[in-house]
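Residues -19 to -1, 1 to 714 in mature numbering (1 follows the signal peptide of the UniProt record, and there is no 0) are what the sequence shown lists, from first letter to last.
I should point out that these hints are in silico values taken from the structure, not numbers from a laboratory. Possibly wrong hints are sitting among the right ones.
Stated by the list, open to error - With a Cα cut of at most 20 Å, we get these calculated PhoX-like pairs of lysine-lysine:
| hint | residue 1 | residue 2 |
| --- | --- | --- |
| 1 | K39 | K142 |
| 2 | K446 | K3 |
| 3 | K436 | K47 |
| 4 | K187 | K252 |
| 5 | K394 | K349 |
| 6 | K555 | K446 |
| 7 | K332 | K353 |
| 8 | K252 | K237 |
| 9 | K67 | K3 |
| 10 | K648 | K214 |
| 11 | K230 | K642 |
| 12 | K332 | K23 |
| 13 | K576 | K478 |
| 14 | K525 | K487 |
To be verified - The calculated label-pair distances, taken between Cβ atoms and stated as ranges, are:
| hint | residue 1 | residue 2 | range |
| --- | --- | --- | --- |
| 15 | L298 | Y217 | 29 to 37 Å |
| 16 | Q355 | H325 | 35 to 43 Å |
| 17 | S247 | N281 | 31 to 39 Å |
| 18 | E471 | N708 | 33 to 41 Å |
| 19 | P111 | K252 | 31 to 39 Å |
| 20 | G222 | P571 | 32 to 40 Å |
| 21 | N346 | E157 | 40 to 48 Å |
Ideal Cβ positions, reconstructed from N, Cα and C, are used throughout, including at glycine.
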Amino acid sequence: MKRFFTLLLLAIFVTGIQAQQKVTLRDIAQGTYRAQGISGLKPMLDGEHYTQISSDHKRIVKYSFKTGEEVGTLFDVTTARDCDLKSFDDYILSPDEKLILIQTETKPIYRHSFTAVYYIYNVKNNKMEPLSNNGPQQVPLFSPDGNQIAFVRNNNIYLVKLLFGNSESQVTKDGEYNHVLNGIPDWVYEEEFSFNRAFDFSADSKMIAYVRFDESAVPMFSFPWYKGLAPEKTSYATYPGAYEYKYPKAGEVNSKVSVHTYDIKSHVTRKMDLQIDSDGYIPRIKFTSDPEKLAIMTLNRHQNRLDLYMANPRSGLCKVAIRDEAEQYIKESAYSNIKFYPEHIVMMSEKDGYNHLYLYTIAGNLVKQITKGQFEITSFLGWDQKANVFYYASNEGSPLRTAIYKIDGKGKKTKLSTRTGSNSAIFSTNQKYYINTFSNISTPTLITLNDNRGKELTTLLDNSKLKAQTAQLNMPQKEFFTFRTSSGVELNGWMMKPANFNANKKYPVILHQYSGPGSQQVIDRWGIGSFGDGGLFEAYMCDKGYIMVCVDGRGTGGRGAAFEKCTYLQLGVKEAEDQVETARYLGTLPYIDGKRIGIWGWSFGGYNTLMSMSDGSGAFKAGVAIAAPSDWRFYDTVYTERFMRTPKENAEGYDAGSAIKRAPQLKGSLLLIHGTADDNVHYQNCAEYSEALVQAGIQFDMQVYTNRNHGIFGGKTREHLMNRVANFFIQNL
């Protein structure tokens, strides 16, 4: 009996230890507690099946939309003929699904661009062959008839004809690094318009339309390469090298853009007669189902006028079909979410103050506004034309949450998703089924299969392993809150308190924020927190005795155009005011030590850290600014001018939003962190800001990461960064 009780007590003791496991920074950096998802999920033509990549990246598996069960394998590296692959990275199905492009040896270039080696796999005969033997490819695309594949190599478009022995021909010949790009965007287009392919096939597969970017006159930017480690660049062991590329800073010259078509049979290239401003943008082109109608979307340089042209690819004649204008700027969703149907167009607009869906004829006549109300459509998910039902996701009810809806032709709205939190969906091609990805602040990613009435058919993934793991961790209490600023603006926030929180104690606080235009950090989803991992870094800091907080200030998204665009021409001013207001509000709470409040952020969040610590109030005792812009004159044209116009037009706004000009007013301990190879927010920002502090006689800390880009990762870099941030706050708060 004694032995039994001894063992029982030992078991309880061990269980207690397990329940109090500590979160380590190494675990966070290595993704030990990262939520799982489903990779490479694509609906199939029949509307009854979908495909996805197996967890080991060796197979493309076919599943039933009705049951979620595996019903076949489309591709397997272990059984495919002439296949030497051990695994693959991604895949592209041909329009008729008889061929598959298998993506391997993927090498990132910038945020969206990459090169890869592709193979053509024939589903019927189980045989694989290279797409090209002449070097890696970019953005391959099947023609609608599935008989041709176009791709880009070295800034030129190539065409492979599958019915002619995979013969390869060159469509454009003037492509040259740092001069001309054909069919792929330049750096600033890729980064700020969020796409990586700028060509398309006509519906009859007879023509290719493409955007030509002439960046010859765009100023060059360069940064050094050192030998470094992980990876090691041995060629720079003694003398550093340099990376040079075209980067247009605010007010500088952009690429000259034009749209061209190539007749595959006659080899004739035509330039479209597009009446675009000399400094205008072309963020998207897309062939409609009519081979005589090429849709070209353009923006003026201020980005407050969007024109949708319909171009004849043979005559070159272009006519404006739809024009959308805004007092400040047009959001990216207007052209990134547009969908073309044989006789109609569905697109988004904020013309009534909130982001909503609008239905037009293919000629550009407005049929109706599909959705209305003081909420935002976050994504358009499809239109069942036969039933005249539109599917979409919106944040109706709360800017913190999204749900899946459908609305019929008479305006009857039905909420399909049943769980409260964040929902996104992928619909089958016939809109009969959808795969719902859900999470909330306390539930990691849950993926379910549903029918179009919202009925849950089965669970595909529930992250039960992660739930069991996190149940053993000393996780903080998570909660949402709202407060009003002194000017009467209501702001949303979340707070994480230590697991052993004592309301009678006074805790130091660390604010994390991003604060950039249209962004949202305060959302009811699992991926909240500074590293999007369910707040694990916050859990680590809570365990050290801190309360962790995040507040979305003015300029952030989800609350309509007026709230988001109130920072126009004065970027950084109201955003900083609201973080200072947050610190003041927190200081009034009985369990918070108002004299020990810190703030930090990455990119725009780093910039807003600098601005918030330099308003003269001394609200923050310590702060960390990672990869932070320090003056908008150093940042790119598309992003900066969207919110600020050019420095020549808005010198006062640029001065007011300059962290460098505010540097002499900095109060509190500061740690600056930057990567030397940041192609996005250049190290120049950190160098010039730190010099301003030096000349102002202000002491600060600084951490530079060799050869690291805007993401600052590789080898043990991310773990080192997390330790640096944590230790800085521990020492200074």
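Status of the hints after comparison with the structure:
{"no.": "1", "hint": "K39 - K142", "in the structure": "violated, 28 Å"}
{"no.": "2", "hint": "K446 - K3", "in the structure": "holds, 17 Å"}
{"no.": "3", "hint": "K436 - K47", "in the structure": "holds, 11 Å"}
{"no.": "4", "hint": "K187 - K252", "in the structure": "holds, 16 Å"}
{"no.": "5", "hint": "K394 - K349", "in the structure": "holds, 15 Å"}
{"no.": "6", "hint": "K555 - K446", "in the structure": "violated, 42 Å"}
{"no.": "7", "hint": "K332 - K353", "in the structure": "holds, 11 Å"}
{"no.": "8", "hint": "K252 - K237", "in the structure": "holds, 13 Å"}
{"no.": "9", "hint": "K67 - K3", "in the structure": "violated, 37 Å"}
{"no.": "10", "hint": "K648 - K214", "in the structure": "violated, 39 Å"}
{"no.": "11", "hint": "K230 - K642", "in the structure": "holds, 19 Å"}
{"no.": "12", "hint": "K332 - K23", "in the structure": "violated, 33 Å"}
{"no.": "13", "hint": "K576 - K478", "in the structure": "holds, 18 Å"}
{"no.": "14", "hint": "K525 - K487", "in the structure": "holds, 14 Å"}
{"no.": "15", "hint": "L298 - Y217: 29 to 37 Å", "in the structure": "violated, 52 Å"}
{"no.": "16", "hint": "Q355 - H325: 35 to 43 Å", "in the structure": "violated, 26 Å"}
{"no.": "17", "hint": "S247 - N281: 31 to 39 Å", "in the structure": "holds, 34 Å"}
{"no.": "18", "hint": "E471 - N708: 33 to 41 Å", "in the structure": "holds, 35 Å"}
{"no.": "19", "hint": "P111 - K252: 31 to 39 Å", "in the structure": "holds, 33 Å"}
{"no.": "20", "hint": "G222 - P571: 32 to 40 Å", "in the structure": "violated, 57 Å"}
{"no.": "21", "hint": "N346 - E157: 40 to 48 Å", "in the structure": "holds, 43 Å"}
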